[in-house]
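Participant: I would like the entire structure built from these sequences, with the hints used as guidance.
Spelled out, the chains give:
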Amino acid sequence: MSAAELKWENIRNSLLWIALPLIIGILIAASVPKPVIGVIHLNDAIYSYTAQDMITQIHYAIDHPEIRAVVLAFDSPGGTVVDTEAVYMELTRLREKKPVVTAVNGMAASGAYYLSVNTDYIYAKPTSLVGNIGVIGYLPPAPFIFEDIISTGPYKLWGAPRDSDMRQIEMVKQGFFEAVRLGRDGKLNAGPEVIFTGQIWAGTDAVRLGIADEIGTETNAIEKAASLAKVANYEAKDLYQLSVYGSGSAYPFFIQSPDGMIMPYPNEAGTYLLYIPPLPVK
Amino acid sequence: MKKNFIFIALAALILPVVLRGLWFYRGFAQRPVISTPDYVSFSAPSAPVKSAPLNVEDVKQYSGVVLMDTIHGNQFSMSEVDSLVSDIKQRGGRVDFSSDPTLLEYQLKYASSYITLSPSLPYSVNEIRILKNFADRGGRLLVFTDATRYSLYFDYVSGNPITYGDVNAVNPLLASFGISINNDYLYNLEKNEGNFRNVFFDEFAKSELAFGLKEVALYGTHSVESPSGLILLRGAESTFSSANDANDPAQGGAAISADGNVIAFGDFTFLSSPYENYSDNAALIGNLADFALSGKQKITLNNFPFLYSGKTVQVYLSSDLSKTAEMVAALGRLQAALQTMNVTVEFVDSVPNNGDAIILGLYTPNEDLAPFIKKFDLTLEDGSEFITVPGFGDIGIYGNSILLFNATNKGNQLVLLSDSIENTILLVDTLNSGYLTGCLLQDNAAVCSSGYGGTYGSDTTSTDASGEATPLPEETVTPSG
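Here the protein sequences line up with chains A and B, keeping their order. Residue numbers for the first sequence follow numbering that gives the first Met the number 0, beginning at 0 and rising by one. Residue numbers for the second sequence follow numbering that gives the first Met the number 0, beginning at 0 and rising by one.
The hints are simulated quantities; they were obtained by calculation from the structure and are not laboratory data. We put the beta carbon where it would ideally sit given N, CA and C, even for glycine. A portion of the hints provided could be inaccurate.
Beta-carbon label-pair distances, calculated as ranges [stated by the list, open to error]:
#: 1; chain 1: A; residue 1: 156; chain 2: B; residue 2: 434; range: 38 to 48 Å
#: 2; chain 1: A; residue 1: 22; chain 2: B; residue 2: 22; range: 29 to 39 Å
#: 3; chain 1: B; residue 1: 311; chain 2: A; residue 2: 156; range: 33 to 43 Å
#: 4; chain 1: A; residue 1: 88; chain 2: B; residue 2: 69; range: 28 to 38 Å
#: 5; chain 1: B; residue 1: 38; chain 2: A; residue 2: 29; range: 23 to 33 Å
#: 6; chain 1: A; residue 1: 10; chain 2: B; residue 2: 13; range: 54 to 64 Å
#: 7; chain 1: A; residue 1: 267; chain 2: B; residue 2: 163; range: 23 to 33 Å
#: 8; chain 1: B; residue 1: 43; chain 2: A; residue 2: 153; range: 17 to 27 Å
#: 9; chain 1: A; residue 1: 47; chain 2: B; residue 2: 38; range: 11 to 21 Å
#: 10; chain 1: A; residue 1: 156; chain 2: B; residue 2: 88; range: 15 to 25 Å
#: 11; chain 1: B; residue 1: 150; chain 2: A; residue 2: 263; range: 44 to 54 Å
#: 12; chain 1: B; residue 1: 42; chain 2: A; residue 2: 156; range: 22 to 32 Å
#: 13; chain 1: A; residue 1: 88; chain 2: B; residue 2: 22; range: 32 to 42 Å
#: 14; chain 1: A; residue 1: 47; chain 2: B; residue 2: 259; range: 53 to 63 Å
To list a few chain B residues with every Cβ distance to chain A over 10 Å, as calculated [unchecked claim]:
#: 15; residue: 15
#: 16; residue: 18
#: 17; residue: 19
#: 18; residue: 45
#: 19; residue: 121
#: 20; residue: 194
#: 21; residue: 210
#: 22; residue: 408
#: 23; residue: 410
#: 24; residue: 428
Facilitator: In structure tokens form, the structure reads like this:
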């Protein structure tokens, strides 16, 4: 074999045994997904529409392996009990597989805090509002009857006696308190006589009391989620854009007066994990 | 050689994958076991049951009248106090309503107690004086407030809601009795009746109101304190006031005044259904009904015309009073006036020893009236134009009549003395009017002017036999206050 032929043979072997596998390897490597930190924003009360949106995003995160962790970014006063519980339970499924970190932007009060305790870490800004752990409910009126409405029992129209409603609210409270105890196990720096008064705290106090872990932003939360998921060079994506966007529209949760003022009270009577601020908000 | 190429090829194949993997992934995230609440294990707290059944057949019977305030913007409906009203009626009591402030003093004359529930309008100085006087004479005052009752206003500038609680209305009244109610509510996060604001009380003052109680629950109560009196209901140490989120052993859910005639509650929701039947609330409500009806005012002439303890009054005319047509007519009017108060008149011909009685007579010495003259220490000398009445001094007998009142266990006696039949008739008609207008009044004696007498008296008594004018008395002593 001449030298020229040998040289050609080497080039050919190199292409065959190195370059080609390398190209194939690169092509295969491209299929290794870039890790994604999914971000779920909640900038509203928790009610049927927003809860369904959140659940859709949670399912998306569970079903897509490239999403290695999720950040919940809250600015929410909480909402209805049943919708909060629905998201809470779906969140448990997600957490069993992937880390979840909370970033409290404006507020994670009541039901929003209920969800926060079902995450691995909670960041709050120094003046974010955190806590308001408890339940509020609007008792039904004492039962009465109408001339033109016939029902089949004294509580068919009213749901329950006022007294029962009050006691059921106490039962809902037990679930909330237990969720906080379990979610913040070993982290709380104050007893139930402080934590469960329903008080809402600024982020700095929340960290001091152990109801939040650290002062930080949504970016810190994304970094923490990536750290817990053991990923690097990731990208953060808003899961709403990926999973929900354009799927529907929500109805207003809060009472809106004819002149456009949004009151901090829900449109419908019921039981809520909700923070109602002392002043009406525009 | 070929084997080496295979290894190289494999390395070249895997290397990009490994490098990309390492670029993105730095390990495997281990997930912890996620603990969530066991929702099925939670249950709604059940309503507390009575510690002892009530014996409804064994309730005491009274005949008192409870006056219920409706003139101070009271924030309650009758359905909310059905249990208390029912217990009062079950004990033979009656509930009247105070609906005209000008009649308050009059109505309190016959009431055994006065109840006010969550007033929103303050009491006037005069009303406070009347109610203080009522309680000082043995009448009972029951004051109920409620932390859930208030007027709501909005600040003009900030829009902040401002509550004006019922405590603002009652505290000036209760201050006279050493009781104050705070503008707060009590709560207990550890042990409560279904909600933190429903507080149990299991420490009781030594009082008839606490009889048979082991534990009662109040539903949204202000804290009540009385440095000079007693705290009737005291909660556990974990009972806090919303004012300072702290326990104050000097505060409770209800307090009694030092004289025992005034009770103040921070809540009245416990009177309403279904809370009336929880814990020992029903027993407490029964005790409240007993308390309201057992108030015994010290009956004096200030209670006129409600001076009689029974349903029948015996009327006796002394032998020196003849039943003229005018007198009979006046007595008929007296009978009719007493019947409007459900009091029957029975005319008798001897001085009654028992029961309620009205005895009419003249100043002239008379055996029938001698015991009363003696009992009240009256001095009436023969020929004198003055009668000495303790507390009033010398009273001119002409044109003046005297009312004497004697309250005993056997009955209450009212003695009317005048100088003439005409003035006796005038005095009876004063009684018929329901008001002792024109009378100087003390507890058990009154002097009433008929407007005729003295120098304007009858010829036979105002001048002596010689026809000379009777000298005017030097001075008529009258009480100063």
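Participant: It remains to establish, for every hint, whether it holds in the given structure.
Facilitator: Status of each hint after checking the structure:
1. A/156 x B/434: 38 to 48 Å: violated (55 Å)
2. A/22 x B/22: 29 to 39 Å: violated (18 Å)
3. B/311 x A/156: 33 to 43 Å: Violated - the Cβ-Cβ distance for residue 311 of chain B and residue 156 of chain A, about 55 Å, lies outside 33 to 43 Å.
4. A/88 x B/69: 28 to 38 Å: The hinted range 28 to 38 Å is violated for residue 88 of chain A and residue 69 of chain B, with Cβ atoms some 53 Å apart.
5. B/38 x A/29: 23 to 33 Å: Violated - the Cβ-Cβ distance for residue 38 of chain B and residue 29 of chain A, about 46 Å, lies outside 23 to 33 Å.
6. A/10 x B/13: 54 to 64 Å: violated (23 Å)
7. A/267 x B/163: 23 to 33 Å: About 30 Å separates the Cβ atoms of residue 267 of chain A and residue 163 of chain B, which means 23 to 33 Å holds.
8. B/43 x A/153: 17 to 27 Å: holds (19 Å)
9. A/47 x B/38: 11 to 21 Å: holds (20 Å)
10. A/156 x B/88: 15 to 25 Å: violated (32 Å)
11. B/150 x A/263: 44 to 54 Å: violated (22 Å)
12. B/42 x A/156: 22 to 32 Å: holds (26 Å)
13. A/88 x B/22: 32 to 42 Å: Holds - the Cβ-Cβ distance for residue 88 of chain A and residue 22 of chain B, about 36 Å, lies within 32 to 42 Å.
14. A/47 x B/259: 53 to 63 Å: holds (59 Å)
15. 15: violated (4 Å)
16. 18: Nearest chain A Cβ is 7 Å from residue 18 of chain B, so the label is violated.
17. 19: violated (4 Å)
18. 45: It is violated; residue 45 of chain B is separated from chain A by about 7 Å at its closest Cβ, not greater than 10 Å.
19. 121: Consistent with the label, residue 121 of chain B stays out of reach of chain A, its closest Cβ about 28 Å off (over 10 Å).
20. 194: violated (6 Å)
21. 210: holds (27 Å)
22. 408: At roughly 48 Å from the nearest Cβ of chain A, residue 408 of chain B sits farther out than 10 Å, so the non-interface label holds.
23. 410: Nearest chain A Cβ is 48 Å from residue 410 of chain B, so the label holds.
24. 428: About 53 Å separates residue 428 of chain B from the closest Cβ of chain A, which puts it past 10 Å; holds.
Figure legend: structure checked against the earlier numbered hints; hints not met, in rising order: 1, 2, 3, 4, 5, 6, 10, 11, 15, 16, 17, 18 and 20.
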